[in-house]
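Following the hints, complete the assembly by docking chain R onto the known chain W.
Letter by letter, the chains look like this.
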Amino acid sequence: MKKMKILLGASALAIAGFLMVAADHIDAPDVASTSSDITDFYAFQGQNENNIAFVANVQGLLSPMATTSATFDENVLVEINIDTNNDNVEDLVIQAIPRNGKMYFFGPTAPTATGLNSIIMKDATQTVVDITAYGEIAKVTTNSNGIKAFAGPRDDPFFFDFAQYSAILAGDATSFNNPGDDTFSGTNVMSIVVEVPKSMIGGSGTINTWVESKRK
Amino acid sequence: MKTIKIVMTALLVSAVSFNCSSDDDNFTTTPTPTTLDFSGTYNQADQMGRPAVNTVFVSSGSKDGFNTTIPSEQNAAFQGMFQANLMGLSPAFANPGDMNALGQDAAAFTGLLATDVLNVSLDGTTTFYDGTNVLTGRALADDVITVELLLIFGGEDFTENPALSNDNVNANDKPFLASFPYLASAW
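Chains as they are written, first to last, in our numbering: chain W, 42 to 257; chain R, 110 to 296.
Simulated from the structure, these hints should not be mistaken for lab results.
The model shown is predicted, which means the values in this text are computed figures rather than measured ones.
For glycine and all other residues, C-beta sits at the position ideal for the given N, C-alpha and C.
Among the clues, some could well be false.
Per label pair, the in silico range of CB-to-CB distance [stated by the list, open to error]:
| id | chain 1 | residue 1 | chain 2 | residue 2 | range |
| --- | --- | --- | --- | --- | --- |
| 1 | W | LEU210 | R | ASN152 | 29 to 39 Å |
| 2 | W | SER240 | R | THR241 | 24 to 34 Å |
| 3 | R | SER169 | W | GLY156 | 17 to 27 Å |
| 4 | W | ASN186 | R | THR177 | 29 to 39 Å |
| 5 | R | ASP214 | W | ASN186 | 42 to 52 Å |
| 6 | W | LEU157 | R | ALA201 | 32 to 42 Å |
| 7 | R | LEU211 | W | SER185 | 41 to 51 Å |
| 8 | W | GLN88 | R | ALA185 | 31 to 41 Å |
| 9 | W | GLU115 | R | GLY206 | 47 to 57 Å |
| 10 | W | SER74 | R | MET190 | 16 to 26 Å |
| 11 | W | ASN218 | R | ALA217 | 25 to 35 Å |
Just chain W, with the same shape it has in the complex (with noise of 0.2 Å):
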């Protein structure tokens, strides 16, 4: 039992190094263990029903050690895409960028450009959170529009047997384990948080909408 733990633990350490990680953890070379590797995101109705929020989180499989010192780059632009009239371009964006310890959100705007490179609207409808450090309390923040902001290391809400999936792959097992061993277990993602009331994003119907990192 204990050496399959130590192949284990050897074989996820070779994944790390070699495979590429979902759900977006360190899924391609450019960005794998950068300030800019996107990890996840997500997109659900609010506890208030009026709301959705967006998840964005970035820089993943942190150990609480790394956590401690463990920053947003102020040269990483955090950008939220929405897409109102189903054309798969963006109508609407809403931007996070760190600055001294806050995190500033701009938006919900239409950008100036759609497409690979941005400005930031900071003409727009701004909400400004502290960023909580590691061990604090969250610090949460609603501005005179309704929008909801946060920004800090959280858990990361990933669940995956990664490391048995892989080993499907490489041919070194045919079957998951059950019960599985979740790779993501005991490891936090820098948090960016943004819950805004649904009239902004378009009111009614459905929404398209994906994150983008965007590097100066």
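What follows is chain R alone, placed relative to chain W:
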């Protein structure tokens, strides 16, 4: 190690002190963005819509390219690669008429996934899949990996390849919060 501890304590103390004083700052003028530098152009590094799409369906040499292709152009650039990789993972999709539980053949399924955006309903339940609603959002507790495994390996009625269609990790390692910011505190 001891030095690290002392430094960390100092950091903690300063963080806590800062926290105390920052409450008072609520009554003073906070710096407006105009005093901060938000200038310049920010260029795309990473992007994501649905979970695990780049990881599972994009071939290793194309992952950075997928991250820097805008969603409206992803289908034309990547659907063929997605279909080939899906058939590699789950060869049954190569059989004529073979479908997933959404009634999609390989072309239709990868045609949906190749445009990597998350569809979100503004009119009610938001879930990746809850047995009734399909692709109306992504909630924190959604077991998105098992849903994707079922759609890849589970066949027309989720019964095929049971050993491959559930990773048997069904929930997060910490409970989520009912209220904002919803995610559990860090470990």
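Quick rundown of the hints versus the structure:
no., hint, result
1, W/LEU210 to R/ASN152: 29 to 39 Å, "32 Å, holds"
2, W/SER240 to R/THR241: 24 to 34 Å, "26 Å, holds"
3, R/SER169 to W/GLY156: 17 to 27 Å, "25 Å, holds"
4, W/ASN186 to R/THR177: 29 to 39 Å, "32 Å, holds"
5, R/ASP214 to W/ASN186: 42 to 52 Å, "45 Å, holds"
6, W/LEU157 to R/ALA201: 32 to 42 Å, "37 Å, holds"
7, R/LEU211 to W/SER185: 41 to 51 Å, "42 Å, holds"
8, W/GLN88 to R/ALA185: 31 to 41 Å, "40 Å, holds"
9, W/GLU115 to R/GLY206: 47 to 57 Å, "54 Å, holds"
10, W/SER74 to R/MET190: 16 to 26 Å, "25 Å, holds"
11, W/ASN218 to R/ALA217: 25 to 35 Å, "32 Å, holds"
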